[in-house]
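> Letter by letter, the chains look like this.
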Amino acid sequence: RREEMAKSTQLIDNEVFRAYATYTAIVLLKMMLMSLITAYFRITRKAFVNPEDTASFGKGESAKKYLRTDPDVERVRRGHLNDLENIVPFVGIGLLYALSGPELSTALLHFRIFAGARILHTFAYLIPLPQPGRGLSWAVGYSVTFSMAYKVLKTAWLL
Amino acid sequence: RREEMAKSTQLIDNEVFRAYATYTAIVLLKMMLMSLITAYFRITRKAFVNPEDTASFGKGESAKKYLRTDPDVERVRRGHLNDLENIVPFVGIGLLYALSGPELSTALLHFRIFAGARILHTFAYLIPLPQPGRGLSWAVGYSVTFSMAYKVLKTAWLL
Amino acid sequence: RREEMAKSTQLIDNEVFRAYATYTAIVLLKMMLMSLITAYFRITRKAFVNPEDTASFGKGESAKKYLRTDPDVERVRRGHLNDLENIVPFVGIGLLYALSGPELSTALLHFRIFAGARILHTFAYLIPLPQPGRGLSWAVGYSVTFSMAYKVLKTAWLL
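From first to last, the protein sequence lines are chains U, D and P. The opening residue of the first sequence carries number 1 in this note's numbering; numbering runs sequentially from there. The opening residue of the second sequence carries number 160 in this note's numbering; numbering runs sequentially from there. The opening residue of the third sequence carries number 319 in this note's numbering; numbering runs sequentially from there.
Just chain U, with the same shape it has in the complex (with noise of 0.2 Å):
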């Protein structure tokens, strides 16, 4: 039990390992944000999807007319499909990058670069920015999974 605790213990203790965890949390945490983000608008806006949302503003037609699409909450909701659509893609190579054995410096500078074109992205979206604000950090983070991807298939291949 005691070589079994300090085995469990032991990817955590690799530095680029503990890196991926920050940034994957960060990143993660960064996506789990864009629900309350909605939620928000939601409730400002008035502007709800499901009809027992709208019970406390009344009955019949008085509730009827919250059940409806604001830009506000649409825009909020295509950012964190985005998000969905990009940081499944970085958690999924990340990882196997992370155990590919990355030098400690290319590995940062990898996440790092990934999570800040992500929040970058999230202002472009929300601001909205005028592009290619948006289109240019999306493709930087686009790329940066794409090069740990080429990493992990040039270590890993088998087919």
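Hints are computed from structural coordinates only; laboratory data are not their basis. One or more hints might be untrue.
[As the list claims (entries may be wrong)] Now the in silico label distances, taken between C-beta atoms and shown as ranges: (1) S264/D - P128/U: 30 to 38 Å; (2) S264/D - I361/P: 38 to 46 Å; (3) L385/P - S264/D: 49 to 57 Å; (4) K472/P - Y199/D: 25 to 33 Å.
[What the hints assert, rightly or not] Taking beta-carbon pairs under 7 Å as the criterion, some of the chain D residues facing chain P (in silico): (5) L170; (6) A180; (7) A184; (8) T203; (9) E211; (10) L285; (11) I286.
This structure is a prediction, so every number in the text was calculated from the model and none was measured. Backbone N, C-alpha and C fix where the C-beta goes; we use that ideal spot for every residue, glycine too.
With the hints as your guide, set chains D and P onto chain U.
Chains D and P in isolation, oriented as in the chain U frame:
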């Protein structure tokens, strides 16, 4: 090779990791179930989105009328997307949490509450239960993931 | 430190894990490709969703007409969402499966069928092929993930 294989199975021998594996498989299977429920409602409500899916109903207008949205189908799809938004962070952060050396009892508490909350959330969404049933079950799952992220960042922090 | 580094690369030296890493990178890259295909159709069909994306087409009404949905764009987006719904469970359950000590040949069979089924699914969705082409490729990938989940739960079960 022998030693290598022995080591490769070590993670799954660790009790916290076994608990993580069990609950992750359960919540991912629950999420996968949403696809089957969507298919069930699409077929029974005859509400499809792709023209090729209605070809068996005949050609032209007789098939075209089944290209429509249905409230029950849309409800399951919203539940499915909500699962993606919440179960993805659980799976990613939960893995790091399981490797950060928590007590087995504390880890089990986190995993059990999360899985229970997400199963309740699905029932609350599909029946549907009056609010705040769905809202509360969502918040409980969200808080569990947040708590695990805090432990991960405290243990691994390397920016 | 030396021993720590040696251990950190051990997982990637395991053949089943290498196979998992290879196929996970492939299916996640395939999923990422959907973003590029969406962008391609948005630009060639001139169908955008964010006002700031149409600013280069001029101001006012001349740009506003490009804020519209296009059947080809929507089709790729549905394929992308279907990837998220199915590849996320594969990546999560596949990792646990790879760590549960399966035979290399059995593991390769699972990974190869899943990757093949998802690539077929994308072609079936985008061409589109007549049903049940897309339905069958979806069901095959779904069944592979289910089979891996069964092995994970049998090996790890700790509730």
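> Give a verdict on every hint.
Verification of the supplied hints:
1. S264/D - P128/U: 30 to 38 Å: 46 Å, violated
2. S264/D - I361/P: 38 to 46 Å: Check failed, 54 Å falls outside 38 to 46 Å.
3. L385/P - S264/D: 49 to 57 Å: 54 Å, holds
4. K472/P - Y199/D: 25 to 33 Å: Check passed, 28 Å falls within 25 to 33 Å.
5. L170: 5 Å, holds
6. A180: With Cβ-Cβ at 4 Å, under 7 Å, it holds.
7. A184: 5 Å, holds
8. T203: Status violated, d = 16 Å.
9. E211: Hint on E211/D: holds, closest Cβ of chain P at ~5 Å, below 7 Å.
10. L285: 17 Å, violated
11. I286: Because about 22 Å separates I286/D from the closest Cβ in chain P, which is outside the 7 Å limit, the hint is violated.
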